[in-house]
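As given, the protein sequences belong to chains F and G, one line each in that order. Per our numbering, the very first residue in the first sequence carries number 1; after that it's consecutive. Per our numbering, the very first residue in the second sequence carries number 1; after that it's consecutive.
Calculated from the structure, these hints are not laboratory results. Remember, it's a predicted structure, so these values are computed and weren't measured experimentally. Note that CB positions come from ideal geometry on N, CA and C, so glycine has one too. Be aware that a few hints might be false.
What the hints assert, rightly or not - Between beta-carbon pairs, the in silico distance windows are:
#1 F:HIS62 x G:LYS105: 47 to 53 angstroms
#2 G:HIS66 x F:GLU8: 38 to 44 angstroms
#3 G:ASN235 x F:THR116: 27 to 33 angstroms
#4 F:GLU6 x G:GLY237: 47 to 53 angstroms
#5 F:GLU79 x G:LYS197: 42 to 48 angstroms
#6 F:GLU6 x G:LYS187: 16 to 22 angstroms
#7 F:ASP17 x G:LYS187: 31 to 37 angstroms
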Amino acid sequence: MAALEELEREYERAKRDKKFQVRLAELLTTYAGRPTPLFFARRLTEKLGGAKIYLKREDLLHTGAHKINNCLGQGLLVERMGKHRVIAETGAGQHGVATATVCALMGFECVVYMGTEDMRRQELNVFRMRLLGAEVRGVSSGSCTLKDAINEAMRDWVTNVRTTHYLLGSVLGAHPYPTMVRDFHRVIGREARAQILKAEGKLPAAIVACVGGGSNSIGIFYDFIKDTKVRLVGVEAGGRGEKLGDHAARFRGGSPGVLQGTYSYVLQDSGGQIALTHSVSAGLDYPSIGPEHAALRDAGRAEYVPASDAEALAATTLLARTEGIIPALESAHAVAEVVKRAPRMKKSEIVIVNISGRGDKDIGIMRENLEID
Amino acid sequence: MPLTFHKKPALVVYVTCGDPDLGTTLKIVLAAIDAGADLIELGVPFSDPVADGPVIQRASERALKHGTSLAQVLTLAAEVRERAQSTGLIVFSYLNPILRMGMEKFCKVARAAGVDGVLVTDLPVEEAGEYLRAMHEYDLSPVFLAAPTSPDERLKQIAGASRGFVYAVSRTGVTGQRQQLAEDARKLVRRLRRVTKLPVALGFGISTAEQFAEVGSFADAVVVGSAIVETIERNRGREAGAVGEFVRGLLAISCEPSAAAR
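Could you put the whole structure together from the sequences, leaning on the hints where they help?
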């Protein structure tokens, strides 16, 4: 608790500190490459024959995904707190890479916990983290994926809390993480809103984003929450079926519970044991969901739908061939939903899809699942 | 029955219920009581034991493999209570299984089973409003963990919400045995005594008679968990006997024979 309170105090101070905001903005532009473009996907729009599709290109950000927005913000907090050791959990490896990147940039010791199953399916990212100087520790308990990596990271943190900062990668965990991580990703939606108004002179009818923990989605949704005519659509991992253990769709079969310091919708069995999950995409393969998403969904402000492994893989090929963009498998889930939704929308309407990351890390999985070579 | 420690220092024994199976857990618990344990913590296995080290993690995994549940642990508690009238019984669980059962229902069943208190590993005092109301309604003692990193104000809050005793964690970290007892331990107990008159039990990392005696010199009770669980892991087929021997060994330096035998 003491560490959480220290973090919250430091974060509140930083929020009000002009110098912190300026330095973060500077790093986001000169280092990470913000602002990211909002791109009109003309061929995809024509192919689907419905709404105009715009892609928010978080895949063009340094390290290849939106994750670095949060890592830079928390990295600056680590500096302020005078700590020198940073630990993180990672699913697909993008958050691990972004953390290792920021640690190299700012000179911190870095340890990343990753499930051994995820290490196998996201090898490229394991190599990148090690090349960047981070120690990657494999976790082989439980499901050997993200939730187990989080358990191990938390164990490290409670043991080394005086010297170490836990750089949590999504809008999960105990307060202040869900709020703080969302704030660091708000830039996505803030930019997208200004960009679409400039490009089209009006707001979109819908915003679609994939939801694992929920950081890229809440990041793009947040500044549109007040625009009540804009539909907010989160896409969860529908996996390979509807049975518990075959997917990671928390709003389809999950119920309120507490996991790893957060009270939200959790996939669990009747005894309150946390369920195993499945998704072809490591970053969506998690049994709980950011509490702010739970609140938006319960309030009816946002809706959450699943996309299956097969649909996500098909969407990957489609986007690659119609727009020349290979999305991360996570982001492909959002594209899969747009494939269903856009045709049902009017041609005068706009839908923005968050391409939260690039697909290089997924080449191995794509090769296993798609008929390419 | 309110939680009281009958001898000083008292011994609190933790077991993960269902490892290797519930029948054996009952035998183990009775053997521990017979050998001198004053209070038993009945651990409920959980899929994501974030506060536990590898020994208790393994035990939880084994217990969950054959579906050990919170409901079954409460049934086990009733069986222990039938056979041991004056031993303190605490249910030690993560929050989610309790939430799933329902706070109200959990407290009702626990009280009926003869449970004295509950320790919810991942429920901080700040979030415990509903829990405390239900616990008080059913006359159960809420036990909270106090860590070396807690500032004095928080220790006061933790002690204020606790009944029976305060569980001081000897060092930052997870459950598990350690050779050296950290400096943190004495300091924490001292700080707690400044804010509460409740007995203080100290746990995490204690596995030898020497450590037991040392901790017993400044705490009211000593909690032994991973060492017991590992003894069970290492003595397949004779778990209860091994635990009985181990407990007697722990108490050998500190206690007179008349106090240790029950």
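- Task: Evaluate the given range 38 to 44 angstroms for the C-beta pair formed by G:HIS66 and F:GLU8.
- Result: holds (42 angstroms)
- Task: Check the following: the C-beta atoms of F:GLU6 and G:GLY237 are separated by a distance inside 47 to 53 angstroms.
- Result: Holds: the Cβ-Cβ distance is about 49 angstroms, inside 47 to 53 angstroms.
- Look at the Cβ atoms of F:HIS62 and G:LYS105 and judge whether their distance stays inside 47 to 53 angstroms. Holds: the Cβ-Cβ distance is about 51 angstroms, inside 47 to 53 angstroms.
- Message: Looking only at beta-carbon atoms, does the pair F:ASP17, G:LYS187 fall within the given range of 31 to 37 angstroms?
- Response: holds (34 angstroms)
- Item | CB-CB spacing for F:THR116 and G:ASN235 relative to the 27 to 33 angstroms hint | holds (30 angstroms)
- Using the C-beta atoms of F:GLU79 and G:LYS197, is the stated range 42 to 48 angstroms upheld? holds (43 angstroms)
- Item | Pairwise beta carbon distance, F:GLU6 to G:LYS187, judged against the given window 16 to 22 angstroms | holds (19 angstroms)
Figure legend: structure checked against the earlier numbered hints; every hint is met.
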